[in-house]
Every structure is written in structure tokens, then in C-alpha cells.
Amino acid sequence: MSEAQGASLAKDAWIRLRSNRMALVSLIILAIIVSFSFIGPFFCEYKYDEQNLDEQFLGPNQQHWFGTDSLGRDLFARTSYGGRISLAVGFLATTVSLLIGVSYGMVAGYVGGKTDAILMRIVDILYSLPFTIFVILLMVLFGRNFLLLFLAIGAVEWLTMARITRAQTLNLKRAEFIEAARALGFSHSRILFHHILPNLLGPIIVYATLTVPAVMLLEAALSFLGLGVQAPMASWGSLIKEGAEKMDVAPWLITFPGIFFCLSLFCLNFIGDGLRDALDPKSSKD
Amino acid sequence: MNDVKVHGLKTFFHTREGVVKAVNDINFTIPSGEVVGLVGESGSGKSVTCHSLLQLLPTPPAKVEGGEIIFQGEDLLRASDQKMRTLRGKSISMIFQDPMSCLNPYMTVIEQVAEPLLIHGMVSQDKAKEEAMDMLLRVGVDKIKDRMNAYPHEFSGGMRQRAMIAMALITKPDLLLADEPTTALDVTVQAKILKLLKQLCAEIGSSILFVSHDLGVVAEIADRVVVMYRGKVVEQNTTQELFRSPTHPYVKALIACRPTFEGNFEILPTVEDFMESQSYIPQKKKLKEQSNPITEKDKNWLKVEELSVHFQQANHGKTVKAVDRVTLSIPKGKTLGIVGESGSGKTTLGRAILRLTPITSGKVRWQDQDIALDKENGLMNFRKKMQIIFQDPYASLNPRLTIEQTLLEPMLVHKIGGNHKERLDRVVSLLEEVGLESSHLRRYPHEFSGGQRQRICVARALSTEPEFIVCDECVSAMDVSVQAQVLNLLHQLQKARNLTYLFISHDLCVVKHIADEIAVMRAGQIEEFGKAENICLNPQTSYTQELMDSIPRTSITGTF
Chain A
97 MSEAQGASLA
107 KDAWIRLRSN
117 RMALVSLIIL
127 AIIVSFSFIG
137 PFFCEYKYDE
147 QNLDEQFLGP
157 NQQHWFGTDS
167 LGRDLFARTS
177 YGGRISLAVG
187 FLATTVSLLI
197 GVSYGMVAGY
207 VGGKTDAILM
217 RIVDILYSLP
227 FTIFVILLMV
237 LFGRNFLLLF
247 LAIGAVEWLT
257 MARITRAQTL
267 NLKRAEFIEA
277 ARALGFSHSR
287 ILFHHILPNL
297 LGPIIVYATL
307 TVPAVMLLEA
317 ALSFLGLGVQ
327 APMASWGSLI
337 KEGAEKMDVA
347 PWLITFPGIF
357 FCLSLFCLNF
367 IGDGLRDALD
377 PKSSKD
Chain B
19 MNDVKVHGLK
29 TFFHTREGVV
39 KAVNDINFTI
49 PSGEVVGLVG
59 ESGSGKSVTC
69 HSLLQLLPTP
79 PAKVEGGEII
89 FQGEDLLRAS
99 DQKMRTLRGK
109 SISMIFQDPM
119 SCLNPYMTVI
129 EQVAEPLLIH
139 GMVSQDKAKE
149 EAMDMLLRVG
159 VDKIKDRMNA
169 YPHEFSGGMR
179 QRAMIAMALI
189 TKPDLLLADE
199 PTTALDVTVQ
209 AKILKLLKQL
219 CAEIGSSILF
229 VSHDLGVVAE
239 IADRVVVMYR
249 GKVVEQNTTQ
259 ELFRSPTHPY
269 VKALIACRPT
279 FEGNFEILPT
289 VEDFMESQSY
299 IPQKKKLKEQ
309 SNPITEKDKN
319 WLKVEELSVH
329 FQQANHGKTV
339 KAVDRVTLSI
349 PKGKTLGIVG
359 ESGSGKTTLG
369 RAILRLTPIT
379 SGKVRWQDQD
389 IALDKENGLM
399 NFRKKMQIIF
409 QDPYASLNPR
419 LTIEQTLLEP
429 MLVHKIGGNH
439 KERLDRVVSL
449 LEEVGLESSH
459 LRRYPHEFSG
469 GQRQRICVAR
479 ALSTEPEFIV
489 CDECVSAMDV
499 SVQAQVLNLL
509 HQLQKARNLT
519 YLFISHDLCV
529 VKHIADEIAV
539 MRAGQIEEFG
549 KAENICLNPQ
559 TSYTQELMDS
569 IPRTSITGTF
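Same order as they appear, the protein sequences are chains A and B.
Residues 97 to 382 (our numbering) are what the first sequence spells out, left to right.
Residues 19 to 578 (our numbering) are what the second sequence spells out, left to right.
In short, the hints are calculated from the structure, not lab data.
Each statement offered as a hint is correct.
Label pairs and their computed distance ranges (CB to CB):
| # | chain 1 | residue 1 | chain 2 | residue 2 | range |
| --- | --- | --- | --- | --- | --- |
| 1 | B | 329 | A | 289 | 22 to 32 angstroms |
| 2 | A | 238 | B | 119 | 51 to 61 angstroms |
| 3 | A | 378 | B | 61 | 11 to 21 angstroms |
| 4 | A | 289 | B | 39 | 40 to 50 angstroms |
| 5 | B | 139 | A | 302 | 45 to 55 angstroms |
| 6 | A | 121 | B | 515 | 49 to 59 angstroms |
| 7 | B | 34 | A | 124 | 18 to 28 angstroms |
Under 8 angstroms between C-beta atoms, here's a sample of chain B residues computed to sit facing chain A:
| # | residue |
| --- | --- |
| 8 | 374 |
| 9 | 401 |
| 10 | 405 |
| 11 | 406 |
| 12 | 410 |
| 13 | 414 |
| 14 | 417 |
| 15 | 431 |
| 16 | 432 |
| 17 | 462 |
| 18 | 482 |
From the three backbone atoms N, C-alpha and C, an ideal C-beta is built for every residue, glycine too.
Using the sequences and the hints, build the whole thing.
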């Protein structure tokens, strides 16, 4: 039964999303970027870590579509390979932070009282931990691991999500339709998931689309400190950093990864706006 | 001379969905020194008219398309911004509806009352303060000497509205615009404010444009009444004449469909009745049927004994006795009305009976079973039988569920109906029972009007087949014509399903109309409890007497 309801809401939302041109175009562009990252390397005869010291700093040409870097590595291969890591970090870490943050915030806001106070103080304490030291600690304890990167970033990003969710839940909890649901004898979990969660979607989605780029930047910062992606591996963040240093010699090094990075951020924002409107029944004009 | 003439005023709103003709070619005059009441239901354009006068509307979307407003020989619609600023607050002042949000919380009341004088450079700083004190005294703010440095939050609602009036009148304006100035206040306070307003304006010589949705209030204060309906003026006349012999069917309906203190209709006439047939005459004084004698078992069907609800105030640790040892009983199939002013604990009482608010002590006996102290999960069976309808139909429906989902969910939770098909059939018949159509099923709440939404709330409450429904101010936020429809619906349902109501309201007229018995609440306690007729005709306590006296009387409604 509730599956059927979910399906119909999702169907309505999809119809509304399709009619939003900006969101639709963004969705297509993002799909192209994603496929570029995952199947792009097959169209390129160079490997991302293949050095050729004879071909340093070549501009875009027929052999190297995006040019080469200081070690003569092909930038096309590196950009598409870097896209995998950036997108994966972006989406996985955001998902992790969503799952933890939303459930944590919802419980804190809905239960309220002492539980709320304790849960939110824990969040405050975690906020106060310096991020880099936290990551270095993780690395020391568990060794350098790509998965740790997701974990570390997710563990920081969920805090803000929890706060936003809690504040919204506190407001919603006092709404009369929640009280009506209680009067009708609905269980707490039903109220939480069926009545509160759908009404949280708007702010959650907007914040999530802001989190994805923030996470990508954070990954770039970590990589810069030598804590994230290590050469010869690459991510958009690390490529941009590298390119920024050589901007006067080889401007294409920052241009190409930069274009991809910006494009995906724009797309994500438009998709986020579109989703928020699509999931809100009030925005339909019929 | 100093009359204000509104001539052919047209104010349209240009929205994405098209042009809304909020005010469409209206004419009226506010004679110097008189009180003109501008009456209409929500969306009739009364507030837009009022705001047009001061050019206070947001442009865009609003745009004045034509007409003129002549004030002291000048057309206000074409006056420059600079000119308007010299008029606003000096020659024309305004009082708003909500005294809570119209005062700046970071300025002392005195400063704010004095501000118009200073802004218009009429007197010096010290003199302004003096005059402000004087004015506050005149509007009846007591102990003003001790309150020199008081901030708005230290004032009660009534006192704040008095301060607003002082602020509006301190410049001795020629015209005072009052936009629903008493709607947010309790009746006893409202009566005092109306009297004060009228008296002060007579002293100063201001004319008033008094905007209200409530005919009763307007009848109390206005010399002339202008009735608006869908952006047009449908009738205007002196107050006496308008009430004695209304000509337009809408005006007739408006007068007839609000429950009055004297009236005794079983079914209230509605606007549709009048609009459909020009010659509709509501049946006079149809007496309520003599009810069958109640059996001893039904008499104490729901019994509340010594019920108390106390709240701990967060920052002071003080205990607030919201409900204090209340004892009541409601017979099956009857309606108990609870009347009280804001803060009297009537809403808390209703919620405590439904166990939506934790009970401090006392008993709630439901057919001889005490449900006051059951664990929350033991309440499932009672939840099904007791329902609540809230005041605000906008807030009490989940905006993300369709009507179908909203109505199906309770049945699903309480396992009513064998399968989806069966439940859906019940939903359809429920919708028809409350006067909606099955084609509405797939719509979301925001696609309905306020009255329709309240019908949906009623349908949802009925979906679990309850025996007892708490109606918490459930018609208070509605226009009178919609209010009449919902009251009639509640009445029909009670007859058809033998429902028992606890009807909570601040409006004595409404309660008297629907209730068999009335309990008057004050400061958490029952002040008076008895048969509706007895309480209304022969109140025993002075507080109840005061409540009765404060009701705006439209006793001039001689025709019906």
C-alpha cells in the first residue's frame, strides 16, 4: 500500500521535474559528465599515470586533446580519471552525511527535551574538533585508505545536516497536522517517516546539492595536504590545485578540470532546485 | 469639505496566473467626523481598498488602474511619495490587526507613541513624550507613570492595541484607517476598545474607516456601512437602514447566516440559499427539537473528574495551572460547548481529554473506564473513537499528501475495511458525506479553499468512525458564510451518526447555536456550567454576565 503511494508521489514528481527545462538540461549534462568520467579513458590511448618527459607542457593538440602536464601525462586521461574520484567522493560522502544527519536531527527534534539536549551537545563537541587533526588521527590509526576519505568527510558534513533537520523538525512537530496524526493513533515511526520526513525534503535537498561541491573541495584540500588522493592518482580538486600553480605556463591545466568541476556544480544546483520544486505539491500549476 | 471621496477605484493584482481584480470600480464617501464600516469576507477587497488609500500596497504586483481618492482636495492616488509621507501618520493614520507584531519590540512604548509627532516635526522631544503620556492615559493604559520605560512585551494584547490607538491618534489625524483592529482580541477587551475608539475620534474629530469581516462589530461602531463582495460594493447605507432592510441578497445572507445571540435556527441559512433564489426567506425561529430523555447510562457517557493540567514554566520554574480541577460530564449524542477567553485553558482541556497533552492529575471516564492514566500505546482503541478538528484547516493537513492518502491512512492504521478497494469506497462515501466530490481525491490540500479544507478535516476525523469529536475553535478562522456551512455540516453529522461533540470556542453566539450545554471557563476553572439556554438568558456569575454584555449585538436585525 505505502509502496503504491510512494510510487505515485515519485511519478508526480518526475512529471513535474520533466517540465522544468533547466533541471532537465542539467540532468543530461551531468549524465554526459558522469559517462565521460567512467568510459572516457577507453577512448584515450594514454593512461592517466603514463609519463613522457619528452612531451611536457604540450598545449591541446591532436594527440593530447587537453594537452599534457609537467610530467608529460595526458590531461584528458587524467581529467576523466579524476572525475571518477571526485564524483564518487562527492556523492558517497553526501549520502553518508544525509543518512546520518537526517536521522540524527529528526530524532533529536522529534523526541526533544533531554535527548535533544544531549544529542545536540554531542554535535557541538564534534564541531569543535579541528578537521585536519581528526583526519590525520584517522590516517595514523587505520593507515591510508581511500574509504577513510569518505568516512572522514561524511563524519564532518553530517553535523550541519543534523542541525538543519533538527530545527525543521522542531517547527513541524508543532504543526496541527502532526497533532492530528497523534490523535488518529499513528505510531511515532509512521509520523516521523510518513508525515515529517516528506515535509523536510525541500531544505534537505537544497542543502545536499550544496554539500556535494563542498565535499569535492574538501577532498581537494585534503589531497593538497597529502592526506587524500596521491599522485599519480588524480581528482578534479588535485588537478585544479596543480593547474593553479602552473597557470602562467600552461593555462589549459586549470581550464579543463575547472570547466568540468564548475559544470557539474551548476548542474547539481539546478537539479537540486528542480527536485525541491518537483517534490513540493504546491508548486504544480494545474 | 473634509469628506473623503473614493471614486471609481480599481486596484488589480498582476500575478503569473493572470489579473486579479481585487478592487473593481468602487465608490463611497467617508463624511467628515463619521465612522464608516467597510465589511466583506476574505478576498472581498476590503483591506486592499484600505491600503490603496495610503498607497501602502506592494507594487508590483498591485497596480491602481483607475479612479480617484479625494482627500482635502487632493487625489491621493496621484500624490507623490513625498506628499504621501507627509500625510501618513499625520493626517491619515492606520491601526493594524495584530497588536503583537505591529509594535517594535526594541523600542519602549512611550517612544513609539511619540514617534509620529517627532517624525512630522510637530513638537520637541520633551513635549512629544509628554503628549504621548497624556495620550496613553486617555486610551486607558493604566499605571503609565510606572511604565515609562516599558517595552511592548510587558503589555497585554489589549493594552498593546490601546497603545497602537494612542500612536495613531496622537497627531490628531483627519482620517483613521482601522484594519480589523479588534479581531485578535477577546470579546470583553474588544467591547472596551470599540467604545474607546468611537469616543476618542469624536473628541478629536477624526473620521474612521473601519474595516472588518464581522457585521456585529461594525454595527456596534459605524454610522454607515459599505458592504463589499468580490471587489465590488454591493450595498451601502446607514447602519440602521442596512440592517433593517437590506436589499442585496448577499447582504441579506451575511446578516442572516451568522449565529446571533437571539437567533434560534437549527440549520443556519447560507449565502447560496440567498444567491440562488432572490426571494429566499429563512425559516423563522425553528425551535430545537425536544430531545428524547437521556437514559442514566448515557448521561455520564464521558465524565471528567477533577482534571488538572499543570505546566512548568521553563525559565522561572513557576507552575502554571492551565486546567485546574475541572469536573464535567457530557451525555452521549449531545454537544458540550466550552467558552472562554484566550488563556482560560479551554484548548488545553480539550487536548487533555484526548490525551494529547499530559494530564497532571484527575480522571477521564469513558463509559466507566478511566483513560487518564493509561500508557500511550494502550490508547489505540480510544484514539479510534475520539477525534479532534482543529482551528486552522491550513495547518492541520499534511501538505504533501493527497486527500486520498490523508483519508486512507487512518483506516490503514486502524485496520478498518478489508482491502484497498473497500477502504477507497469508504473514502468516497466520506467525501460525499461532508459535501465534497470523489474527483477531489487526487488533489493536494493547497488546491482547496478554507471551507473545503475544514470539510476534509471533518472527513478525516470521521474516517475512524469515532463517537466523540473535539472541535477546537474549528470555525473561528472562517468567514461567516463558510462558518454557517461547517456548523450545519457538524449538526447534520451529529444527527446522522449520533456523535458527541466537545465544542470549544471563544464565540458565545456560535457556542449557543450548536451546544446543548455550556461550560464557561476562566483561569483554568469552570466558572459556570449548565444548559445552554439557562447560561445565556440567566447568567449566574458576574464574569459570565460580562461576557454576555460584551457580545456585539445586532439586535437591529429586526427582519429575521
